[in-house]
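Please arrange chain B on chain A, whose structure you already have, making use of the hints.
Number of protein chains: 2
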Amino acid sequence: MKATISKRGFLQAVGAAVGVGAVYRSMQALGLVSTEVAHEVWADLPRGSGEGKSVAILGAGIAGMTAAYELSKAGYRCTILEAADRAGGRNLTARAGDVVGEVDGRQRVNFSEGDHLYANLGPARIPYHHGTILGYCKEFGVGLEVFTNDNRAALFHNRERFDGRPVSARRVITDIRGYIAELLAKAVDGTSLDSALTVEDKERLLQMLVQYGDLNADHLYKGTKRGGYRDGRLNAGLKAGELDDPLDFSDLLKSDFWEYKLHFDDFLDQNPTLLQPVGGMDTIAKAFEERVGSFVRYRSVVEEIRKSPKGVRIVYRSGLGGAVGTLDADFAICSIPAPVLKDIQNDFAPETKAAIESVAFAPAIKIAFQTRRRFWEEDHAIYGGISWTDQDITQIWYPPYGYHRDNGVIVGAYVWNKDIGLRFEGMSPEERLRVAIEEGERVHPGYAGEIEAGVSRAWGKVPFQKGAWPTGKEAPAALQRPDGAIYFAGDQASALPGWQEGAALAAHAAVAAINERVMGK
Amino acid sequence: MKATISKRGFLQAVGAAVGVGAVYRSMQALGLVSTEVAHEVWADLPRGSGEGKSVAILGAGIAGMTAAYELSKAGYRCTILEAADRAGGRNLTARAGDVVGEVDGRQRVNFSEGDHLYANLGPARIPYHHGTILGYCKEFGVGLEVFTNDNRAALFHNRERFDGRPVSARRVITDIRGYIAELLAKAVDGTSLDSALTVEDKERLLQMLVQYGDLNADHLYKGTKRGGYRDGRLNAGLKAGELDDPLDFSDLLKSDFWEYKLHFDDFLDQNPTLLQPVGGMDTIAKAFEERVGSFVRYRSVVEEIRKSPKGVRIVYRSGLGGAVGTLDADFAICSIPAPVLKDIQNDFAPETKAAIESVAFAPAIKIAFQTRRRFWEEDHAIYGGISWTDQDITQIWYPPYGYHRDNGVIVGAYVWNKDIGLRFEGMSPEERLRVAIEEGERVHPGYAGEIEAGVSRAWGKVPFQKGAWPTGKEAPAALQRPDGAIYFAGDQASALPGWQEGAALAAHAAVAAINERVMGK
Numbered sequence: 001m002k003a004t005i006s007k008r009g010f011l012q013a014v015g016a017a018v019g020v021g022a023v024y025r026s027m028q029a030l031g032l033v034s035t036e037v038a039h040e041v042w043a044d045l046p047r048g049s050g051e052g053k054s055v056a057i058l059g060a061g062i063a064g065m066t067a068a069y070e071l072s073k074a075g076y077r078c079t080i081l082e083a084a085d086r087a088g089g090r091n092l093t094a095r096a097g098d099v100v101g102e103v104d105g106r107q108r109v110n111f112s113e114g115d116h117l118y119a120n121l122g123p124a125r126i127p128y129h130h131g132t133i134l135g136y137c138k139e140f141g142v143g144l145e146v147f148t149n150d151n152r153a154a155l156f157h158n159r160e161r162f163d164g165r166p167v168s169a170r171r172v173i174t175d176i177r178g179y180i181a182e183l184l185a186k187a188v189d190g191t192s193l194d195s196a197l198t199v200e201d202k203e204r205l206l207q208m209l210v211q212y213g214d215l216n217a218d219h220l221y222k223g224t225k226r227g228g229y230r231d232g233r234l235n236a237g238l239k240a241g242e243l244d245d246p247l248d249f250s251d252l253l254k255s256d257f258w259e260y261k262l263h264f265d266d267f268l269d270q271n272p273t274l275l276q277p278v279g280g281m282d283t284i285a286k287a288f289e290e291r292v293g294s295f296v297r298y299r300s301v302v303e304e305i306r307k308s309p310k311g312v313r314i315v316y317r318s319g320l321g322g323a324v325g326t327l328d329a330d331f332a333i334c335s336i337p338a339p340v341l342k343d344i345q346n347d348f349a350p351e352t353k354a355a356i357e358s359v360a361f362a363p364a365i366k367i368a369f370q371t372r373r374r375f376w377e378e379d380h381a382i383y384g385g386i387s388w389t390d391q392d393i394t395q396i397w398y399p400p401y402g403y404h405r406d407n408g409v410i411v412g413a414y415v416w417n418k419d420i421g422l423r424f425e426g427m428s429p430e431e432r433l434r435v436a437i438e439e440g441e442r443v444h445p446g447y448a449g450e451i452e453a454g455v456s457r458a459w460g461k462v463p464f465q466k467g468a469w470p471t472g473k474e475a476p477a478a479l480q481r482p483d484g485a486i487y488f489a490g491d492q493a494s495a496l497p498g499w500q501e502g503a504a505l506a507a508h509a510a511v512a513a514i515n516e517r518v519m520g521k
Numbered sequence: 001m002k003a004t005i006s007k008r009g010f011l012q013a014v015g016a017a018v019g020v021g022a023v024y025r026s027m028q029a030l031g032l033v034s035t036e037v038a039h040e041v042w043a044d045l046p047r048g049s050g051e052g053k054s055v056a057i058l059g060a061g062i063a064g065m066t067a068a069y070e071l072s073k074a075g076y077r078c079t080i081l082e083a084a085d086r087a088g089g090r091n092l093t094a095r096a097g098d099v100v101g102e103v104d105g106r107q108r109v110n111f112s113e114g115d116h117l118y119a120n121l122g123p124a125r126i127p128y129h130h131g132t133i134l135g136y137c138k139e140f141g142v143g144l145e146v147f148t149n150d151n152r153a154a155l156f157h158n159r160e161r162f163d164g165r166p167v168s169a170r171r172v173i174t175d176i177r178g179y180i181a182e183l184l185a186k187a188v189d190g191t192s193l194d195s196a197l198t199v200e201d202k203e204r205l206l207q208m209l210v211q212y213g214d215l216n217a218d219h220l221y222k223g224t225k226r227g228g229y230r231d232g233r234l235n236a237g238l239k240a241g242e243l244d245d246p247l248d249f250s251d252l253l254k255s256d257f258w259e260y261k262l263h264f265d266d267f268l269d270q271n272p273t274l275l276q277p278v279g280g281m282d283t284i285a286k287a288f289e290e291r292v293g294s295f296v297r298y299r300s301v302v303e304e305i306r307k308s309p310k311g312v313r314i315v316y317r318s319g320l321g322g323a324v325g326t327l328d329a330d331f332a333i334c335s336i337p338a339p340v341l342k343d344i345q346n347d348f349a350p351e352t353k354a355a356i357e358s359v360a361f362a363p364a365i366k367i368a369f370q371t372r373r374r375f376w377e378e379d380h381a382i383y384g385g386i387s388w389t390d391q392d393i394t395q396i397w398y399p400p401y402g403y404h405r406d407n408g409v410i411v412g413a414y415v416w417n418k419d420i421g422l423r424f425e426g427m428s429p430e431e432r433l434r435v436a437i438e439e440g441e442r443v444h445p446g447y448a449g450e451i452e453a454g455v456s457r458a459w460g461k462v463p464f465q466k467g468a469w470p471t472g473k474e475a476p477a478a479l480q481r482p483d484g485a486i487y488f489a490g491d492q493a494s495a496l497p498g499w500q501e502g503a504a505l506a507a508h509a510a511v512a513a514i515n516e517r518v519m520g521k
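Chains A and B, in that order, are what the protein sequence lines are. With the numbering used here applied, the first sequence covers 1 to 521. With the numbering used here applied, the second sequence covers 1 to 521.
Chain A with its partners taken away, still in its complex shape (with noise of 0.2 angstroms):
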């Protein structure tokens, strides 16, 4: 522990010093951010620094209640309004008997009681390297588990190829690698790449190709029981069996399953080791208002953002038709997402509202359904992961938890796509399963006969939130930076759109800001 505990020291002198931005920049400087200090919760403000300073958070979704957390340690007094009736914004986690409601309606969720038994409908994985949010799970004694994207037993599915059949992702990544190898290996055993390499370097990289690939003596690629055996057989058992015949190589290049499905894991925040709550994604959003809920008012709907001689003044609404409130502060940190918070009336600065104006959000879709059994387990040996289709609902997955239960939750459609997400999104729920269960059977036939409830999520109908994640990648700058004494967060603020690490960064930057700003007073 010596170690660390010196270089935590040292980052906590500085911060005592001089804030937490500058703590941030020392670790940046020392390369720590992200990797050495990969899970240390480090917007540690000096204690006592805010006392008799207030600061008005709107949204208690993951960037407001982390504000919230850290700002309140540091002695802040805190008040969050909160336009839903709970805590976790987009953080959403679906079980037995939840309401989850839309702008036009109301749905039930179905499901029957169980701990394996929820769909995480917003975020449902954390990346290895996100270490803000993992610095809180360790903090708040948030259990994790893997989540898995990369399964080779999940299914690359193309109605126009392979005559509309399934196949399994194993198949097809042993198989386009091969004929990647063999391509590659021709052209090295030629003259063609004679420039490009050296004699000692050409040498080794038919040597690397012919492991790469899995190619034979000729360099050819004939299939590798990296794919599996004949007849179906997955495994050598008790005599191996005969290679398989490597799929078509022209149908590979014809079908999608290259445009990003192949190498989906290797995105950098798809990367293995992924990681979850156990027991659902909402655990965090639990665990932060379990520490920050008194400081919340539900049901208190954003009306005005004011800039006012003392700092901000935010005028709401609690709950539909209900009394109108005032909430005075110095600061405000504002994290209610973009397409909600252009209708407000507020005094941004011209810079600022076209900033608002100018951030997107994705319709996305989830829909999970209750299964009566773990058929992917039972018939296919799926034990998590990801399936993917040409179709609409674009990826089924596996639940990654529960394995071997009795039933199970299944995610029946992940849609990001705007055009396909607007196609469900102007469907009636009912409608919208009827969809995903009929392009379902198309990849496990049977589908519909598994199936016993469902709920769908489409983000952009949501009160409140009206989209599920910015479609741009960077944060407009008039959102990183304060109008007056209001402060932006929320994954908008941040160039991790869609991610809670995003959010909780950007609450940190807000935080710390507004304590060098109280400290150098």
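Honestly, the hints are just simulated from the structure, not real lab data. Be aware that one or more of the hints could be misleading.
All copies of an identical chain are treated as equivalent in the list; a pair is satisfied when it fits inside any one copy or across any two copies.
[What the hints assert, rightly or not] The list that follows gives simulated cross-link-like pairs (lysine to any residue, SDA-like), each with its CA atoms no further than 20 angstroms apart: (1) K202 <-> Y179; (2) K461 <-> V103; (3) K461 <-> I344; (4) K186 <-> R204; (5) K222 <-> A196; (6) K138 <-> H116; (7) K202 <-> E259; (8) K239 <-> Q270; (9) K473 <-> Q211.
Keep in mind that this is a model prediction, so the values were computed, not measured.
Leaving out everything else, chain B in the frame of chain A:
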């Protein structure tokens, strides 16, 4: 559930009529083995079919206990002779206070108490397609969680390359793929592959390669954010950073990273999803022992295996210098590892003796360390997975369980190379730990200071085992058929050496063959 029940019902009906071997063949014919009924336990012998028959089972490992479990359910009278004082065989989990023995000494496991402080010194993972073992896990209620092979935060280390500094799997994998894609694109952009590809496929292949390797518009690989950002930043955070420079291709080619390590998780047996029992691999052995422990005579060292008019006669000694006992039975199932079996007096046919002599076992080594903190998670965001080094320790495994706890147990060496294994085998336990710490220090500077306790297991020196697994890929034919009334089991009688699945499958085969013989009488 209906679809399964009827399928299973059909198979049980076949089983009742003609025995489990027929069921297995029916399942093969139906293409069901290992896929459709991936985790159904299929060795359901007809009830009562073994009444009045006795079986001597030699060895209470996974094979012996599987055989006893299935036979006893069918009415066979089973006796298991186990040389050690525990069941499980190579299925071994080390915990605080355990004593693990080798031929010339004993080590006490000095770990602290804690449900996350254990090391699986034998098998540690279960591939998703090992349906027999997974079936028993389901039947016995053994909880499962994910075992992680592929962790992109884990390290590749070669003393001769990259200044001897470990580099992340993420960088190695993305950079090698980038270069491969670039080189192949160069060849395709030229004319050298024109004869191998249609114009249409050529165009699609180029599009694929751009995605596969994340090539730029000129089809060059200049690094990818899949590998992370400059200055050790692992995610975009508040503002996306700059791409880091890729590793030098020539250095990558000169390293040993691409020698099976690069595609380790593509091997069928190492494919995700891998599973492990919650709480340690011996949970499986204990679940079997709960069911068949009453049949086991512990500390019963077999000294003679004889053919008798009744069937078999086994002579054994109860413990060291203990009394000699005799066990007569209609049949025997022998799962004693070949290196031990070959020295036991027997009446085997010459081909059987030759087969047993021919099976060599690997002198594999595992070394486990308890550490004072989880430095891999705290300092490197490594959650489970494996780092590779060209040093003798070969691998460091980070525990895929107990995330974020205060301390943990890592595997500090996992060696299967014969020469290296024998080198470690020849050392004292203290010397093994010293070497493993010294080498680990080169992968993780500060390693030595983190370690609190260690234990090693040199399987070649374990009494009644004399090795970790058969080095051949297929079992000799003579071990897959009976010699008189003596049947063979264990992984050595399967084409899955080193896997519990092979042990259980071979046990099923022996059980099925005995039952067919009995029912045929």
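Taking the hints in turn, this is what the structure says about them:
no.: 1; hint: K202 <-> Y179; result: both (18 angstroms within a copy, 13 angstroms between copies)
no.: 2; hint: K461 <-> V103; result: within (6 angstroms within a copy, 69 angstroms between copies)
no.: 3; hint: K461 <-> I344; result: within (17 angstroms within a copy, 75 angstroms between copies)
no.: 4; hint: K186 <-> R204; result: both (14 angstroms within a copy, 18 angstroms between copies)
no.: 5; hint: K222 <-> A196; result: between (27 angstroms within a copy, 15 angstroms between copies)
no.: 6; hint: K138 <-> H116; result: between (22 angstroms within a copy, 16 angstroms between copies)
no.: 7; hint: K202 <-> E259; result: between (29 angstroms within a copy, 16 angstroms between copies)
no.: 8; hint: K239 <-> Q270; result: between (37 angstroms within a copy, 19 angstroms between copies)
no.: 9; hint: K473 <-> Q211; result: between (37 angstroms within a copy, 19 angstroms between copies)
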